[in-house]
Amino acid sequence: MANVSLTNLHKSFDRTEAVCGINLEIADNEFVVLVGPSGCGKSTTLRMIAGLEEITEGDIRIGGGLVNDVPPKDRNIAMVFQNYALYPHMTVFQNMSFGLRLRKYPKDEIQRLVGDAAEVLGITELLQRRPKQLSGGQRQRVAMGRAIVRNPQVFLFDEPLSNLDAKLRGQMRIEIKRVHQHLKTTTVYVTHDQVEAMTLADRVVVMNNGLIEQVGTPSELYHQPKTHFVAGFIGSPAMNFLNCKLFKDSGSLAVSVGDILKLQMPADRNTRYEPYLGRDLVLGIRPEHVHEKRAGNEVQTEVKVNFIEPLGMETMVYFTVNGVELCGRVSPEADPRPGQTAVLSFDAGKSHLIDPETNQVL
Amino acid sequence: MTVGVAVRGLPERAPSVRRGRFYLWLRRRSTIAVMMCFPLLAIITCLVAYPFAYSIYLSMLNKAETAFVGFGNFLFLFKRETFWLVVQQSILFALVAVIFKALIGLIAAHAVNTIPSKGQRKWRGMMMVPWVIPPALSTLGWWWLFEPTYSAFNWLLAEFAVPAVPWLSDVFWARFSVILVNVWVGAPFFLIMYLASLKSIPEDLYEAASIDGASAWQKLFHVTLPMMRNIIAITVLFSIIVTFANFDIVRVLTQGGPRNSTHLFATYAFRVGIESGDIPLGAAVSLFMFPALAILSFVILRNVRQRTVNI
Amino acid sequence: MTNVTRNNGALSALLGSKSNIHVNRRWALFASYACLIVFVIFFLCPPFYMLVTSLKTNAEIANLATNPWLIEQGVTTEHYSHLLTETAFLTYFKNTVIVAFFVVAITMVVSVLAAYALSRLGFWGSGVMATGVFLVYLVPDSLLFIPLFNIVGGLGLLNSYWVLVLVYPTLTVPFCTWIMIGYFASIPKELDEAALIDGANHMQMLLKVFIPVALPGLIAATIFAFTVSWASFLYPLAYIYSDNQMVLTVGTVTTLIKGDVFHWGGLMAGALLAAAPPVILYAFLMDYYIAGLTSGATKG
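Chains A, B and C are the protein sequences, given in the same order.
In terms of the working numbering, the first sequence has 131 at position 131, counting the first letter as 1, and numbering is strictly consecutive.
In terms of the working numbering, the second sequence has 1018 at position 18, counting the first letter as 1, and numbering is strictly consecutive.
In terms of the working numbering, the third sequence has 2248 at position 248, counting the first letter as 1, and numbering is strictly consecutive.
Rather than coming from a laboratory, the hints here were simulated on the basis of the structure.
Incorrect hints may have been included.
Claimed, not checked - Calculated cross-link-like contacts (lysine-lysine; reagent style DSBU-like; alpha-carbon spacing at most 30 Å): (1) C:Lys2208 / A:Lys107; (2) C:Lys2189 / A:Lys73; (3) A:Lys167 / A:Lys132; (4) C:Lys2094 / A:Lys177; (5) C:Lys2094 / A:Lys73; (6) A:Lys304 / A:Lys350; (7) B:Lys1199 / A:Lys132; (8) C:Lys2094 / A:Lys132; (9) A:Lys104 / C:Lys2094; (10) C:Lys2208 / A:Lys132; (11) B:Lys1118 / A:Lys132; (12) C:Lys2189 / B:Lys1199; (13) B:Lys1063 / A:Lys132; (14) A:Lys245 / A:Lys226.
As the list claims (entries may be wrong) - Just so you have them, the derived chain A footprint on chain C, three or more residues with Cβ under 8 Å: (15) 2178-2192; (16) 2195-2201; (17) 2206-2219.
This structure is a prediction, so every number in the text was calculated from the model and none was measured.
Heads up, the beta-carbon is just placed ideally off N, CA and C, and yes, glycines get one too.
Just chain A, same shape as in the assembly:
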């Protein structure tokens, strides 16, 4: 078991920079998820930790020791690949034991280790099969088995679930979490799927354009995004963004969106927002904070519904404000109809204000 620390990590391919300076401390036993859109550098970062990519600049330490020039096999890591990367000509047992055999472990030791790992993953009865004869979920388990059998210091997962169908992905997510709780090995997990990130991680690292946007627990990221990007990336459906202006309204601060919408900002944010008075800002508000009229002193606005998405326990309504299509979440009882008007409440206390020049959440 070990911590992993990345210091000022850079990676350039030819002339393009894929990773442009990453600093990250991953504690022992921690489950960290790197998440971001494709091309954000998350996989490259993981592959540098694995030793599969050369480091252009910066340092990687695993368990305190500098591993910049240590080949992958000597880093005491294990990796699970997106396409499983199982050796097609070997049985499950041979696949899982390959690393041990190369390291010349004694035979009975190999038997025991593979047996234990297979038990943890519930694949004992598959040990003599070949990858071809396995389903997607079983292959995924074998790939994990190959990783855990060596009891490495760090687990690396590179989008391990993206080849599975939605139902299996849910099951395997639980499986991975269970294995981590059981083994408590430090884990770095890369995904583009924010649901995976939120459900699995102790801490989530949101990356964009080769840089870390924000590091935090899932709930921090959701409730206190620090940048425009994180606010928009985390949460589904995505946060609504509206251009707005901050002004003073009878002693407290408020924002206006065109002439249509005025939202009073909570008084406790006054000091934070004061310097931006009169500026053009971006208002961010999640769909669940735009809902049907409820008790309380929230702002209510009458809008024309463009279309709806009934999801059963809730209904998403889409409507246009100031030329921007927004999404709101109402209870099915409110029964919005496309083309008709609906009265919606904006939960101003849950909204965020973003400075469009720095893209920081204020």
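Fit chains B and C to the supplied structure of chain A, relying on the hints for placement.
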């Protein structure tokens, strides 16, 4: 992949810097790669590149290989009627044979692809037989079929009251015969290439074409052939090279006769260089193949590259 | 669909069938089988005729009154037994086997090593080299046999079958390397990364991962190398003239013809026996054979 392979445990393992450097160099990826490629490089350099350069030098010597004669051998060949006959026959032989091989291959591939898939293996297997028998040996069988007295073909023709054909003794029929045998040997290659290419055309393209109202012929011309265009080009060009440089069939069947009318570059070079002992002149004859081969190779390479890019 | 219907309306009316598609399909099948039968007769008639001749008595072969395509006066194996006991056929066979064995071994070692380096250890000039390999594959044996005659003569290898072990790799190695590059390139990169993390070095990666995974390609390349070294005709014809060094192709064609009297039965028996090993190999490994043939253009 990493280049860092070499660094593991270096401080403990390398007491002296010099040995460490060598050790490092030895374990570098590019060093390993070059070492792995070395046998290949050696074969290509010593047995292909060097003989080729040597061949150019050789072609400029006199028969006894004692004096330098410049382009004398080439100029000598230009004045020989036989040489021009060889040029003419090589081109005719390659083009006609390849056209028929391609046609037969295309029709046969289509036919195999049309029948139910469980019989396809069997038919394909039978039609591949000519490709598998060493050509020098199967040509012996053809020779026997063309034998003037006992010709089994002439026997069949006689059954239908057609006069006997002088297969190998008449200029036209001798040329016809060598081309026929070449088509027989080479058509299965086209069949296999085209069949593989046909099978790789996605079925839904045909379904879409059907829905768009295409007839069977329209599907052939608007879906099948365009999808196969690249592989047809590669196969045809490749086959032109092989046919143009052919040796076995003509050598066994006619030995270049009658009256040198079926000689190809290869058989003529063999006659001149090995049998008559004028090695430099033979080398010169062989070298005349090179420009045509170089151009064809270049075009093939472009096609193969394109294909790789397209996929 | 409407076009199809219109075009074949008359036909289906004629045949009184229930469905146009069905009729179309029937005609296509009929035409296909007709073509296939014609082609198969064309492709198989020479080997068939060779077989028939090789099993006939000399008297029947010489008799112009009988049907040459049939055996009417009894089957005989005398040509085969004569071939195996009275001629140098078995020597040729042995020589050919030795040559083929060494050529295949050399070819596979050289081309697998090179293909691994060229497909995975991208180094300076590896792209150019892969292209070069392909171009060398396009060089026919008839371009270089004359300078090679002088070169092997200088090495003192003329009239020894070892010369074939030396020169055949120029025909086999480029193609085998090329198709192995194709097969290796189709192995997902993640597989070698997994092996790297599992602790394999280059040799272990090649032997324990690449070769087993690319086994079909390896078999295809082996078959190719074997077929080429078995069937080659020009090099042995040019470089070997002694009976005890001769290989099958040349031995059958040149030395079994004695004088002006051709022993057609024996000649055909010799040709068929000499062709048997590649044909048998083909019968068992047809799919690999075809994969090897087509992969030259479709892979890499």
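Satisfaction of hint between Lys132 (chain A) and Lys2094 (chain C), Cα-Cα up to 30 Å: 42 Å, violated
Satisfaction of hint between Lys132 (chain A) and Lys1063 (chain B), Cα-Cα up to 30 Å: Given pair Lys1063 (chain B), Lys132 (chain A) is violated - Cα atoms ~65 Å apart, limit 30 Å.
30 Å Cα cutoff - pair Lys2094 (chain C), Lys177 (chain A): 65 Å, violated
Lys304 (chain A) paired with Lys350 (chain A) [C-alpha distance capped at 30 Å]: 23 Å, holds
Proposed proximity, Lys1199 (chain B) with Lys2189 (chain C) (alpha carbon, max 30 Å): The given pair, whose Cα atoms are some 27 Å apart, holds under the 30 Å limit.
Restraint check for Lys1118 (chain B) with Lys132 (chain A), where alpha carbons must lie at most 30 Å apart: 24 Å, holds
Hinted pair Lys104 (chain A) and Lys2094 (chain C), Cα distance within 30 Å: Not satisfied, since the Cα-Cα distance of roughly 44 Å exceeds 30 Å.
Restraint check for Lys2208 (chain C) with Lys107 (chain A), where alpha carbons must lie at most 30 Å apart: 18 Å, holds
Coverage of the region 2195-2201 of chain C by chain A (three or more Cβ within 8 Å): holds (count 6)
Coverage criterion applied to the region 2206-2219 of chain C (partner chain A; beta-carbon cut 8 Å; 3 residues): holds (count 5)
Pairwise hint evaluation, Lys73 (chain A) against Lys2189 (chain C), where the allowed Cα distance is 30 Å at most: 16 Å, holds
Assertion that chain A covers the region 2178-2192 of chain C - criterion: three or more residues, beta-carbon distance below 8 Å: holds (count 3)
Hint violations for this structure: numbers 4, 5, 8, 9 and 13, all remaining hints satisfied.
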